[in-house]
Amino acid sequence: MKVQLTRSWFFNRVFQLVILGLFAKFLFGLKWHLIFQEMPSLAEAVWLTIQLTIISLAIGFIIAWPLALLRAKRKKEWLAKIADAYVAVFRGTPLLVQIFLIYFGLGGQQWMQESFLWPIFRDPYWCVIIGFSLNSAAYACEIFRGALMNGGAGEREAAQSLGLSEFKTDWLVWVPASWRRALPQYGNEMIFMMHSTAIAGLITMTEVFGWAKDINGKFYVTYEGLIAASIVYIVLTTTIIQISKLMEKHYLSYMKR
Amino acid sequence: MKKILLATALIMTSTSVLAADIKICVEGAYPPFSQTEADGTVTGFDIDIANALCDDMDKSCEMVKVDWDGIIPALLEKKCDAIIAQMSITPERQEVVTFSKKYTQSANGFVGKAGLKLADLGSMNIGVQRATIHQAYAEGAYPDANITLYGTQDEALLDLTSGRVDVVTGETLQILDGFINTDNGEGYEIVENADVTDPKYHGTGNGIAVRKEETELADAFSTSIKNIRESGKYAEINDVYFEIDAYGKEM
Amino acid sequence: MNIVLEYLPILLKASLLTVSLAVCSLFLATLLGALGAKGKLSKEKYGREYANAYTAIIRGIPDLVLILLIYFGFQKMLNVVTEGLGLGIYSISPFWAGVLAIGFIYGAYLTETFRGAYNSVPQGQKEAAMSLGLSSYRRFIKVVLPQLIRHALPGYGNVFQVLIKSTAVVGVLGLNDLVGLAKDAGQSVRMPFTFNAFTLFMYLIFYFFASWVFRLLERRYAEKGHRS
Chain A
496 MKVQLTRSWF FNRVFQLVIL GLFAKFLFGL KWHLIFQEMP SLAEAVWLTI
546 QLTIISLAIG FIIAWPLALL RAKRKKEWLA KIADAYVAVF RGTPLLVQIF
596 LIYFGLGGQQ WMQESFLWPI FRDPYWCVII GFSLNSAAYA CEIFRGALMN
646 GGAGEREAAQ SLGLSEFKTD WLVWVPASWR RALPQYGNEM IFMMHSTAIA
696 GLITMTEVFG WAKDINGKFY VTYEGLIAAS IVYIVLTTTI IQISKLMEKH
746 YLSYMKR
Chain B
23 MKKILLATAL IMTSTSVLAA DIKICVEGAY PPFSQTEADG TVTGFDIDIA
73 NALCDDMDKS CEMVKVDWDG IIPALLEKKC DAIIAQMSIT PERQEVVTFS
123 KKYTQSANGF VGKAGLKLAD LGSMNIGVQR ATIHQAYAEG AYPDANITLY
173 GTQDEALLDL TSGRVDVVTG ETLQILDGFI NTDNGEGYEI VENADVTDPK
223 YHGTGNGIAV RKEETELADA FSTSIKNIRE SGKYAEINDV YFEIDAYGKE
273 M
Chain C
3 MNIVLEYLPI LLKASLLTVS LAVCSLFLAT LLGALGAKGK LSKEKYGREY
53 ANAYTAIIRG IPDLVLILLI YFGFQKMLNV VTEGLGLGIY SISPFWAGVL
103 AIGFIYGAYL TETFRGAYNS VPQGQKEAAM SLGLSSYRRF IKVVLPQLIR
153 HALPGYGNVF QVLIKSTAVV GVLGLNDLVG LAKDAGQSVR MPFTFNAFTL
203 FMYLIFYFFA SWVFRLLERR YAEKGHRS
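Residue numbers (our numbering), protein chains in the order written: chain A, 496 to 752; chain B, 23 to 273; chain C, 3 to 230.
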């Protein structure tokens, strides 16, 4: 048994060293000075990625709650059905296609180009904000609806027995309590949204992925831009994970004994 | 497990077992030089020239459609052996690839709504394809303009018609025969006097790019270009697409 | 409208390509997910190390970036190997590069799904099987696997739904899949709205079809006499 262990230890170490060595040889062969030289533009790109993520998540969050309540309570069945359809369409299709439909599709329509909305749809920035927000709203709505349904009856009965109106019961008791339950899943949605902002790079925007393509194109290189972008995305993902851990700690502190 | 991996490896590579002698990267979104047909095949001037050159070299060739963004990486990672995609011979590119002698020469032009003046360009929204000499020229010559980069020339021209950009810059022949002379280009024209050729940006013609160390292949292409020029094959292809000689001045 | 009818056959062919891409990717992702879960659950430190590095890296990078990295990077690795063995160049087509990339990405997500499912099979079941004297292989196949499938199915279905949508990004490699073709064709006939709307509609069909299949499967593997 002991012999086996040491042998596997040895082989694993050798294997790891060979892999790391090859990888290091590859990495040192790249033209990293290009990336350092482009740091200012990378900073701008990172800022744009952060902006798109935060704005889309915020708008999505605001839209998602009323929709989630509508779907959880189902008091007006036809309204709830419309909300169901909205969520199904946005969750059932790729965000990439949704963005293409807004940017190329709507933007290519004659009537759109002549309408008062054109200043908004003309700008890729607003096209992606609209697309991302609507998409994030649909995903968040599904998460929130699950959280609302899981808490349901008890919380609302308690609040109503205290004499709170239905509106207050929903928004001051049910929603905040459900928000706590939704947190872990919402953390995943934040990461997904941040990753999805890369799609903006396909429609002329210079966020991190667009920046990577620009750099690779400008200097005729294959990996430098993409690897730098990957590192940025990993750092951003780690940051979001930390933030959502902090949020969970904050909101769930009352549960500590 | 090993068997499954082996099987997958076999399936993955089996598509390329019947490989041609030379694989050629073409773009497929740059009419009339290179465009994708409804059935997915690629046609155009570049493809006809590529086939003529291969015939002359007595080699079998296969076209590989690659986005412009990834065309040099595809060559370097050996997904193809040569690029025939109106690529200008510039010192920056020569650091990563080797070029044959030129096979066409492009002039730089700007296209916009009819009536646009050269003096207007400086403060406009200019659309240009990423990683081209035209990008470098627009950035260098119009530093105050708002420049938007596109993955393909088609996308830039589409946004010109929708009004997201005011002018698009690129190769004059492409703009003329791929846009202005088609139904889509009605009401648009080349901006007069904007077609400057500055050797600092515009290189010395468009060549066939091969991997840096494969100078022999580049030389073979150069010889074949000379041959098809002399045999009249080049003129035959040229006449299908253009009114003027795409080759430009004789060297 | 006539133009759409003219393009309909190749759009449907492209849809088929997208579906086969999704199915092949799911197959690879399942293999990698099983391997990853085995690593994460293994008692050996190295198995856990590799599996953790794999999931952390994959889950930190957007699929658009990963797919390009894998398309070029995997080709580079393959070139090193085949040239080292003197075999010449094997070019990976965009389709298989897409399968590799998407399989790789969703293998990481399935790793978590499978690990969770394995852990929710009660320890007592495994011990009971052991006390019956079953070999470790039969223990896994006869006792653990059926329960594992039941616990993993809902998560597996969710991952597949996300995976189908991920196939949209393979178009950036120049593949004539549904998204890539609809974008190019829509642009060249100047009807981007109609063509992209068609794509959206096809994906909705995939989505509902996949939901239906997984609902059936879940019912099939549900515990008899229990609500699950």
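Read the hints as simulated data drawn from the structure, not as lab findings.
There may be inaccurate statements among the hints.
What the hints assert, rightly or not - Here are the in silico distance ranges between beta carbons for each label pair:
hint, chain 1, residue 1, chain 2, residue 2, range
1, C, Pro124, A, Leu747, 35 to 43 Å
2, C, Ile151, A, Arg569, 30 to 38 Å
3, C, Val215, A, Lys526, 18 to 26 Å
4, B, Ser145, A, Leu659, 56 to 64 Å
5, B, Gln116, A, Leu741, 46 to 54 Å
6, A, Leu747, C, Lys47, 44 to 52 Å
7, A, Lys568, B, Gly144, 54 to 62 Å
8, C, Asn4, B, Thr204, 15 to 23 Å
To be verified - Output of the computed footprint for chain C on chain A, the stretches with three or more beta carbons under 8 Å from beta carbons of chain C:
hint, segment
9, 541–550
10, 563–570
11, 624–636
12, 695–706
Because the structure is a prediction, the values reported are computed rather than measured.
By construction, the Cβ of each residue, glycine as well, lies at the ideal position given by its N, Cα and C atoms.
Hints, one by one, checked against the model:
1. The given range of 35 to 43 Å is broken by Pro124 (chain C) and Leu747 (chain A), whose C-beta atoms sit roughly 28 Å from each other.
2. Checked against the given bound of 30 to 38 Å, the beta carbons of Ile151 (chain C) and Arg569 (chain A), roughly 33 Å apart, stay inside it.
3. In this structure, Val215 (chain C) and Lys526 (chain A) break the distance hint of 18 to 26 Å, their C-beta atoms being roughly 48 Å apart.
4. In this structure the supplied range 56 to 64 Å holds for Ser145 (chain B) paired with Leu659 (chain A), their Cβ-Cβ distance being about 60 Å.
5. The supplied range of 46 to 54 Å is met by Gln116 (chain B) and Leu741 (chain A), whose beta-carbon atoms lie about 52 Å from each other.
6. At about 32 Å, the beta-carbon gap between Leu747 (chain A) and Lys47 (chain C) misses the expected band of 44 to 52 Å.
7. Remark: the range hint 54 to 62 Å for Lys568 (chain A) to Gly144 (chain B) is upheld by a beta-carbon distance near 59 Å.
8. A hinted range of 15 to 23 Å holds for the C-beta pair Asn4 (chain C) and Thr204 (chain B), which are about 19 Å apart.
9. A count of 0 residues in the segment 541–550 of chain A with a Cβ less than 8 Å from any Cβ of chain C is obtained; the coverage claim is therefore unmet, three being the minimum.
10. For the segment 563–570 of chain A, the proposed coverage by chain C is not satisfied: 0 residues have a C-beta within less than 8 Å of a C-beta in that chain, short of the threshold of three.
11. With a threshold of 8 Å between beta carbons, the proposed coverage of the segment 624–636 of chain A by chain C is violated, since 0 of its residues qualify and at least three are required.
12. For the segment 695–706 of chain A, the stated coverage by chain C holds: 3 residues have a C-beta nearer than 8 Å to a C-beta of that chain, and at least 3 were required.
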